[in-house]
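So the chains spell out like this:
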Amino acid sequence: GAGVSQTPSNKVTEKGKYVELRCDPISGHTALYWYRQSLGQGPEFLIYFQGTGAADDSGLPNDRFFAVRPEGSVSTLKIQRTERGDSAVYLCASSLTAGGETQYFGPGTRLLVL
Amino acid sequence: AQKITQTQPGMFVQEKEAVTLDCTYDTSDPSYGLFWYKQPSSGEMIFLIYQGSYDQQNATEGRYSLNFQKARKSANLVISASQLGDSAMYFCAMIRSGSARQLTFGSGTQLTVLP
Numbered sequence: 001g002a003g004v005s006q007t008p009s010n011k012v013t014e015k016g017k018y019v020e021l022r023c024d025p026i027s028g029h030t031a032l033y034w035y036r037q038s039l040g041q042g043p044e045f046l047i048y049f050q051g052t053g054a055a056d057d058s059g060l061p062n063d064r065f066f067a068v069r070p071e072g073s074v075s076t077l078k079i080q081r082t083e084r085g086d087s088a089v090y091l092c093a094s095s096l097t098a099g100g101e102t103q104y105f106g107p108g109t110r111l112l113v114l
Numbered sequence: 001a002q003k004i005t006q007t008q009p010g011m012f013v014q015e016k017e018a019v020t021l022d023c024t025y026d027t028s029d030p031s032y033g034l035f036w037y038k039q040p041s042s043g044e045m046i047f048l049i050y051q052g053s054y055d056q057q058n059a060t061e062g063r064y065s066l067n068f069q070k071a072r073k074s075a076n077l078v079i080s081a082s083q084l085g086d087s088a089m090y091f092c093a094m095i096r097s098g099s100a101r102q103l104t105f106g107s108g109t110q111l112t113v114l115p
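Chains as they are written, first to last, in the working numbering: chain A, 1 to 114; chain B, 1 to 115.
If you are wondering where the hints come from, they were derived from the structure by calculation, not from laboratory data. Since the model is a prediction, treat every value here as computed from it, not as a measurement. By construction, the Cβ of each residue, glycine as well, lies at the ideal position given by its N, Cα and C atoms. Any given hint might turn out to be false.
[What the hints assert, rightly or not] To spell it out: a stretch of chain A is covered by chain B in this simulated footprint if at least three of its residues, at any positions, have a beta carbon under 8 Å from a beta carbon of chain B; those stretches are:
(1) 33-46
(2) 51-65
(3) 80-94
Let the hints inform the model, and build the full structure from the sequences given.
Next comes the structure, spelled out in structure tokens:
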């Protein structure tokens, strides 16, 4: 079956612009996670959804970052007034539930803020 | 707070030989899970193996095995019979039990398999 997909694969934007990153989880997976990976580091947690609701958004760095999952499937990570420090790979993962099952990752979106 | 430490920024191994990638962790939770992921240059994180803190036996998945030493808080990954395609970044990660479901990752080890 299809894995986690993310679009776009690459995004270049200018400082101050708004961007949206999309994640389509594995079909039937109720839990969805967003992580951010800076160059040379491990991924860092941003937010996770159980169904439509954000169960934990403690990793969002500030109020410029927001994510939604309105129908409990596809999720969109939204970044307002982008800054050069937002440049990173944004990874999405999904798991069958949030009960400790393995998280399966998508290929990521590489965001570059000029 | 949880912490994962991977002390080997880079490792080299000869093709067909075994290699051990180190991972130590720190947590006060009585129940947790440990994962290893592989990240090739393409960027996708590929799940390799999982070990639960209460599992009695070390996990194995094909050529991958996890050497879990709970008292030492270590969860080393052993790759047997290395292949050129094993060259990648390897991350150790931990998950807590309960409501906090996020993974905490280490800084990774870059493995290079030599022909």
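Cβ contact check, 8 Å cutoff: the stretch 33-46 of chain A against chain B, three residues minimum:
The restraint on the stretch 33-46 of chain A holds, since 8 of its residues have a Cβ under 8 Å from chain B and three suffice.
Do three or more residues of the stretch 80-94 of chain A come closer than 8 Å to chain B, measuring C-beta to C-beta?
With 3 residues closer than 8 Å to chain B, the stretch 80-94 of chain A meets the three-residue bar; holds.
Coverage of the stretch 51-65 of chain A by chain B (three or more Cβ within 8 Å):
holds (count 3)
Checked against the numbered hints above, the structure violates none of them.
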